[in-house]
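Participant: The lines below spell out each chain.
There are 4 protein chains.
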Amino acid sequence: MKLCTFEVKTTLGRHRRLGAVVEGGIIDLNFACAWHLARKREARPYTLADVLVPDNMLEYLRGEETSAGFARATIQSVQEELNAGRQPTGLREETLVYQPGEITMRAPLPDPVSLRDFYAFEAHVKKGFEKRGEPMPEEWYQIPAYYKGGHQNIIGPEEEAPWPSFTEKFDYELEIAFVIGKTGENIKPAQARNYIAGFTVMNDFTARDMQRKEMKVRLGPAKGKDWCTAIGPVLVTTDEIGDPYDLRMTAKVNGELWSEGNTGSIFWKFEQMIEFLSRDETIHPGELIGSGTVGTGCGLELDRWVKPGDVVELEIEKIGVLRNRVVKNAERSSA
Amino acid sequence: MKLCTFEVKTTLGRHRRLGAVVEGGIIDLNFACAWHLARKREARPYTLADVLVPDNMLEYLRGEETSAGFARATIQSVQEELNAGRQPTGLREETLVYQPGEITMRAPLPDPVSLRDFYAFEAHVKKGFEKRGEPMPEEWYQIPAYYKGGHQNIIGPEEEAPWPSFTEKFDYELEIAFVIGKTGENIKPAQARNYIAGFTVMNDFTARDMQRKEMKVRLGPAKGKDWCTAIGPVLVTTDEIGDPYDLRMTAKVNGELWSEGNTGSIFWKFEQMIEFLSRDETIHPGELIGSGTVGTGCGLELDRWVKPGDVVELEIEKIGVLRNRVVKNAERSSA
Amino acid sequence: MKLCTFEVKTTLGRHRRLGAVVEGGIIDLNFACAWHLARKREARPYTLADVLVPDNMLEYLRGEETSAGFARATIQSVQEELNAGRQPTGLREETLVYQPGEITMRAPLPDPVSLRDFYAFEAHVKKGFEKRGEPMPEEWYQIPAYYKGGHQNIIGPEEEAPWPSFTEKFDYELEIAFVIGKTGENIKPAQARNYIAGFTVMNDFTARDMQRKEMKVRLGPAKGKDWCTAIGPVLVTTDEIGDPYDLRMTAKVNGELWSEGNTGSIFWKFEQMIEFLSRDETIHPGELIGSGTVGTGCGLELDRWVKPGDVVELEIEKIGVLRNRVVKNAERSSA
Amino acid sequence: MKLCTFEVKTTLGRHRRLGAVVEGGIIDLNFACAWHLARKREARPYTLADVLVPDNMLEYLRGEETSAGFARATIQSVQEELNAGRQPTGLREETLVYQPGEITMRAPLPDPVSLRDFYAFEAHVKKGFEKRGEPMPEEWYQIPAYYKGGHQNIIGPEEEAPWPSFTEKFDYELEIAFVIGKTGENIKPAQARNYIAGFTVMNDFTARDMQRKEMKVRLGPAKGKDWCTAIGPVLVTTDEIGDPYDLRMTAKVNGELWSEGNTGSIFWKFEQMIEFLSRDETIHPGELIGSGTVGTGCGLELDRWVKPGDVVELEIEKIGVLRNRVVKNAERSSA
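Chains as they are written, first to last, in the numbering used here: chain A, 3 to 337; chain B, 3 to 337; chain C, 3 to 337; chain D, 3 to 337.
Calculated directly from the structure, the hints in this document are not laboratory data.
Values in this document were obtained by computation on a predicted structure and should not be read as measured data.
Just so you know, even glycine gets a beta-carbon here, dropped at the ideal spot from N, CA and C.
Honestly, I wouldn't trust all of these hints.
Stated by the list, open to error - Here are some of the chain A residues that sit facing chain D, going by a computed Cβ distance under 8 angstroms:
| id | residue |
| --- | --- |
| 1 | Glu66 |
| 2 | Glu187 |
| 3 | Asn188 |
| 4 | Ile189 |
| 5 | Lys190 |
| 6 | Pro191 |
| 7 | Ala192 |
| 8 | Val329 |
Said to hold, decoys possible - Here chain B is said to cover these stretches of chain A; the calculated rule only asks that three of the stretch's residues, wherever they fall, bring their Cβ under 8 angstroms from a Cβ of chain B:
| id | stretch |
| --- | --- |
| 9 | 196 to 207 |
| 10 | 217 to 223 |
| 11 | 273 to 282 |
| 12 | 300 to 312 |
As the list claims (entries may be wrong) - Straight-line alpha carbon distances no greater than 30 angstroms define the calculated DSSO-like cross-link-like pairs of lysine-lysine that follow:
| id | chain 1 | residue 1 | chain 2 | residue 2 |
| --- | --- | --- | --- | --- |
| 13 | D | Lys133 | C | Lys128 |
| 14 | B | Lys4 | C | Lys215 |
| 15 | B | Lys190 | A | Lys218 |
| 16 | B | Lys4 | D | Lys11 |
| 17 | C | Lys215 | C | Lys42 |
| 18 | C | Lys128 | C | Lys218 |
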């Protein structure tokens, strides 16, 4: 499945809803589940759909296999209608399938319960230590190091990335991220894939000048990263992504290719990240986990810098394009 | 107010509820608010109380001044009854005032929306750099540096602190913490105090051997801290704490005094932390913010180490004692 | 206030909402309350509005004076904007003031918790006993008699009234109804007006042939009435209705005046009904209470009969017109 | 199943919950369902249980076959534990199986959405017309007549029946009642049994002097019945009741047998009642439907009268005893 969070504007205000992107459009999964249950003569289709396939991604993820199962069955039911040339409509006349122009895509998981960002691509890490004139630490090869990101300021595709007033060195970072879809502790690598709800593209925006000061104090990146992180456009489930270690990754600025890489160059695997995080600690659905920047995947490595007004497009094969325009706060348009 | 989260065991299971500690006991603020509203002939006292003074701390904090105002009025109503020698009881016969032995104190805010931990005591920071044989970075004096803690594994007073299997060097850290109680952005220091809901004691448990590796990789503390942080016993509101810069802080292990300090030795003030965090970024009720360790406030500084089974007691004047026994996982008693 | 329940169609389905009819349009009271609270810098305006001025009439009525007070303050805030030539909009861009063509009016209280219908107009009762060849019972003058109506099949203005297959004698009944707005027991007539949330028009549709059989069995009207009762178009609060005992009442069929009366001809007053109902029994917000048919207020009295397709319009001064087309089931259009 | 509503007193107040009576005690169906789902490794057992087997009877009934199916599976899971000598406990340490002394039985459906009471036993009806000196109406044989009862004042077993101040002639009425468990319209008798959730005992208390006046006015019983109706002790599902037309019915006052009958003497069958009610009208889960008094089943027929303080026990085979003490209001103990 290609899961997403989309927004519709109605006379009752703007509403964000869980969706699935299919050939025929974007399915409103919660309402479609109610419609699907009603066709099976369920007495309270909306009440059940609200629990089985909730209308927001975080609650959906908390439903684990049960919610995923009902989502798949719902998509299949809708797809059968679409294939037969019929446009299904909800019992209360709600739209079940939208066309792209009718909705706005938001971050697939706008409210992750945490964000932990690894540092898993050797080329990027090496370049960083090289730039600082320090040797590559042997500890990097011993543990999959990570820092905790700002999980409260997530934006999605097409949203503007604010340029904070405290930086002169605004940078992008090209990463692949995944979301936890199952509660667990002390998970073995062989089972770890079952704990991944899906993959998405992540742009870990960074204020390099602020970050440089913070790195000197040795607590890792903090204010230099917290104000904004972008993910999207969709969350692609593991069955649909296939091999997650052979996906082309690119970053373009104003249409020009700046960064290029492949998930295959990752040193610490997603399975190892999950094993490490879950050691004597429970992981939960809705946790967002970043890979760290792919080699060449940021302006710092290239010594090229985005300017206010630039458009940054990160793309990962099979997931799509995460596009954000960078704007100075003063220019920020109302969300 | 001395706000807390307490737990009661009933035939309907264990329930956590927002409380206020007063002379006569612990008030169940949500039910007491319903009782208070009913006395004012409100038609739906429980429905309103659930919104005005919710039964959990996080939702209560989100009510900002409105919830705080109703909490104060409720406490006053109950106090008047207690002063008159009467024991008030809820409309549905629920207990409004508990005695300490009838409840278990939990972390006052068991589910903070984030945890950011500063590094604000100069003595502690100096000692750390000294131990690593590095000079004190000038950047420490330029910005109030912080790292992001593990906000998902908060324990409270009297709960056991699990000793993770991956460490041989378990340490405590004596900190004062505060909780954000008001939404804001770009807050000036002069207004910052209004954004603090209250203060509490924090024990930022650390696996020193794991942390040492992580520090080498330069992303700051992560797995070495994430598995557990303790706060409590209560959250003391700013009006009740008085001057937050003259509070004695101590740590005892098995009753023996190991650490001793005073909040007055802090370099970066709470107001400056808020100013820094809120620069071009919104802060929200329910964010937990630590001061960093006070000078001498951890075993690492003293080169003394806690062992499994030890009891660590952190105390801050006007707040109380945060007491946790350290246990190896295998011995962990069911919560 | 002229309170109503209106329906809007959106891409998220049809939604019913509590409204207030003012000169400038129909105010969405729940969203307008949130907007009003946000202007007063309330931290959680939507959460509070959902409890203070809920989006449906029944829950609103249960809020008694508190909800009414916030509804009035909300209307005043909106009115000030409208008077100043500004069109207020909600924080989430929701519409706060609709024009009549944008919404559909539904029964002001679509789900009363009960329906009790009195028999309070002497002229109508006398005519009924006369038709049956029985003397007027002296008991009618001793107690305000009522029967319990079908509270589960309420329709509103502009909705179609279904003609059930089991009748050949479909009739309308012109009544004034009121809704209880306050919980009480053993209420004295002098206080009774405080328990009335407002007045509306009621059409107590009747299948006369079925009813005749039921009356013979002596249990009063049942299946001859249960399938459908209409109320509307609005619920006018007591302060706005003024003297409820001088309101002209008319019934028109296909535009032709059939019935004409005045609330002043009522024998048993609304206050006496409330006193009687509340004797040793609690009455609750959301109870719907009918006056019984005004003299000449039904086809039976006139020996004139509506036919499928006819339009029945009941009008009461200061409340408005309740208009329903009568349709055979087969012709019923989808609601 | 023998479904019930029971009440427990806790420090968090009195709570009413859906139960099932089995040999080993009374099962808390909602919590037991959560436990049952947790054993099947469901991610959110409480969230799902709240929808699949809600904690109150009305919501449970609205779940129709889905809820009934999960209730049966839950009971079987608990029963297996009990049979194996184990006492199951909820995940949050809540009690799953109570012993009778630990709880209070309430009306199985304390808040029916409506109450319609038929007049289906010929012997009782004949006696009534005979007493009034009127001939038995032929219409009684043509339609299953009913009146609408007071669905808002339902009491349960062991609760006190208040004697209203307006009557000198307090009477009991021995009836069998059933509850609708499925939404439907125009239901044929052959299918009608599927729409019955279960059977219970009903005591349709009557103020005979008030009723006599009301009958004279010809609208049927109203204030003479509305203040109180008792049902219980349990709701027995159709599969467990077996043949509903051969159940012994008795009424005892202070232990003395006053009334005796059998459901087999009913003239209008439950299936015919459902057919009649559902003609061109939707019936809903949670509607309570009475049979009318069985022959000899009230004091009026016997010219014997209960006095304040008397205990009335109605018993129907396979359902149990509905026992209520009659009290003058002044003596009413707090509920």
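Participant: Would you mind marking each hint as holding or not holding in the structure?
Facilitator: Each hint, compared with the structure:
1. Glu66: Glu66 (chain A) check passes; min Cβ-Cβ to chain D is 4 angstroms, inside 8 angstroms.
2. Glu187: violated (14 angstroms)
3. Asn188: violated (17 angstroms)
4. Ile189: Hint on Ile189 (chain A): violated, closest Cβ of chain D at ~15 angstroms, above 8 angstroms.
5. Lys190: violated (18 angstroms)
6. Pro191: Given a least distance of 21 angstroms, the restraint on Pro191 (chain A) is violated.
7. Ala192: Ala192 (chain A) check fails; min Cβ-Cβ to chain D is 19 angstroms, beyond 8 angstroms.
8. Val329: violated (40 angstroms)
9. 196 to 207: violated (count 0)
10. 217 to 223: Holds: 7 residues of the stretch 217 to 223 of chain A have a Cβ under 8 angstroms from chain B.
11. 273 to 282: With 4 residues close enough to chain B, the hint holds.
12. 300 to 312: With 0 residues closer than 8 angstroms to chain B, the stretch 300 to 312 of chain A misses the three-residue bar; violated.
13. D:Lys133 with C:Lys128: Distance of about 26 angstroms is within 30 angstroms: holds.
14. B:Lys4 with C:Lys215: This hinted pair is violated, its Cα atoms lying about 70 angstroms apart.
15. B:Lys190 with A:Lys218: holds (26 angstroms)
16. B:Lys4 with D:Lys11: holds (29 angstroms)
17. C:Lys215 with C:Lys42: violated (60 angstroms)
18. C:Lys128 with C:Lys218: holds (18 angstroms)
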